[in-house]
Amino acid sequence: METKIKIDHVSKIFGPKPKSIIPMIKKGMSKSEILEQTGHTVGVYNASFEINKGEVFVIMGLSGSGKSTLIRCFNLLNKPTNGSIYIDGEDIVQYKKQELKTVRQEKIAMVFQHFGLFSHRTILANVEYGLEIRGISKEERHAIALRNIELVGLKGYEDKFPDELSGGMQQRVGLARALANDPDILLMDEPFSALDPLIRREMQLELLDIQNRLQKTIIFITHDVNEAFKLGDRVAVMKDGHVVQVGTPEEIIEEPANDYISEFIKDIDRSKVFQAEHIMIKPNALVSIKDGLNVAKKEMEENGISSVFVVDRGRRVKGIVTIDDAIQAKQDKKSLEDILRDDFVIVKKDEYINDLIPKALESKYPLAVVDDEEKLIGFILRVHVLSGLVSEDVVESDEYYY
Amino acid sequence: MKGCFSSLLMDSFPDLRTNLGDYVDHLVSFLDTTLEGFFDFIFFVSSRTINFLDDSLVAMPWWIFILIIFLLGWYFKSTFSGVLYGFFIFLIGTFGLWEDMMTTIAIILTAVIICLLIGIPIGIWMAFSKGFSNVMRPLLDAMQTMPSFVYLIPAIFFFGLGNVSAIFATLIYALPPVIRLTELAIRKVDKEVIESAQSFGSSRGQMLRKVQLPQALPTIMAGVNQTTMMALAMVVIASMVGAQGLGEQVLVSINRIDIALGFEAGISIVFLAIIIDRITNGIAAKFQKGVN
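The listed protein sequences derive, respectively, from chains G and L. According to our numbering, the first sequence holds residues 1 to 402 in order. According to our numbering, the second sequence holds residues 403 to 694 in order.
Keep in mind that the hints were calculated from the coordinates and are not lab data. Among these hints, one or two may not hold up.
Derived, one-sided and incomplete: chain L residues facing chain G with beta-carbon distance under 7 Å [what the hints assert, rightly or not]:
{"#": "1", "residue": "Val595"}
{"#": "2", "residue": "Ser598"}
{"#": "3", "residue": "Phe602"}
{"#": "4", "residue": "Ser604"}
From a predicted model like this one, the values you see are computed outputs, not experimental measurements. No residue lacks a Cβ here, since even glycine has one placed at the ideal position from N, Cα and C.
From just these sequences and the hints, can you work out the full model?
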């Protein structure tokens, strides 16, 4: 994967002499000690990570954790006190005024928590703003703006003013305005926090949809764990200006870096984060259709299991055999193909636990997990679905062996 | 012995004298002689403006003027207001004060235009520069609290008796509100709106023209309303340095103890005040609607 943005030891301190504070933090003084002794506020301390091209990178933290300060460093609305920010390999912190203007006009756009719309301009003129600043001709920016207004589903509202629209619609305008510049990078500062839950969910899905089509690099700020894990390809957790952990949602849930993060993710709805491939078991034994009845029976006996999936040469699932059927078939001199059952359920590897629950309940047999090429890569028992929902590891159950 | 005792008690102010007033006097004379050309220029421009406005207002058929007032009232307030304002103007005419009213309007208009030309840029500058703002603030306070008669004196020095001196005195009195409200208006533009304009790579000029000024306009209009009202409040005082118009009539009535004339001229000023206030308010409200 290609690195789009890299930040290297970035710190941002507010106060009259910010540079003088850097050595103090290096000595390990806490945020509150520094505030008390020097009157300086530590916004972000020593943040380093990389963001890949085309990924949704979520920065999560409670209010005051420095996430809004950090996101404003990416377009230098806040100039870092220390450290470097590389975008496509160039350190933007060193940029002169003109270069900075160009980057802001062409590469990065931002969406704000309270929308930041221009109340004296119509929706169309709002979306046109970035293009107008760049000096793009009236006809061209008009056309681009209309296209983006349509993209966010606001066709027909061009001539309205922002205050005539609902919150959700206003944020769509904010999104359209940011997209109109066709930036590589989209900064989103708690864009959905001011919206009510229903609208928020709708906007999240729509963002994912738009992202699927446009493949921008998105940096997304939120204080909502569920939102972070739903949208983020990777998530950075911040506390008191420090970046505490960076990883995929699954990594963070499975191995929280410290108690703070464990506490943070306690209420997370795991059924919407974990997918089939995270909870499945890789089969020890795979029986191929040409192996025949004896091999199948032997595999089940040796592994102490009551059923086994049978695959063809391309590892596609042909059916499932139970131990009872196998023993019966042996006596009746039937072949393996005769006793294959097909009333099992196949699930895709990226289905969420949430969707697996009803399927696991319905099915008598384990769920077969397949990859994009329909190849069998694992299976899931009911107990796996359950254990996927709680954070502690569950001792292997006996359901397997009945 | 007794003198010594009383000086020990410090019961009377010591015999000290600072000549601050003299210094100001010297400064004014100095300015008058060295900047004579400058003051002549200002005199020329303002007197021309006033005379032009006055002449064209007087030359205008009376019913057209009343119609204009009606239309302004109707557009910015309501039909009833339009009719009422037209009637007020008609009433002033029936007092025999038509031409005096026109002169007063000309003086106020000129003063307000100059106020805006000077005040809005100063207000913008103050919004951007904390230092300049800190310097200007006490100055604005002084301009507003210094008794207005006091700056009539240097006005006479610079411009002699007449309408221009009146404008100068009016300027000093009426300038602060538009400056203050312009500064306030630009400072209080929503932070996220500023940030979003910045995030698109706006230059400072683009930011000011396309975002800050339009966002600030309703509040600036409130400042314009205040400034206009204060200019109107100065007409009587300004007549002491020779301004003509309704203020002069009030002054004359005081000297002659003429209650009838005093009341008519006075109520005419009140009518003008009501009309100007309501109309500029209406304009500000229209802008407010456009922005929010």
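A quick look at each hint next to the structure:
Restraint check, Val595/L versus chain G: the minimum CB separation of about 5 Å is within 7 Å; hint holds. The beta carbon of Ser598/L is positioned within 7 Å of a beta carbon in chain G (closest approach about 3 Å), and the interface hint is therefore held. Checking Phe602/L against chain G by beta carbon gives a least distance of about 4 Å; that is within 7 Å, so the hint holds. Look at Ser604/L: its Cβ gets to within about 5 Å of chain G, closer than 7 Å, so that hint holds up.
Hint compliance for this structure: no hint is broken.
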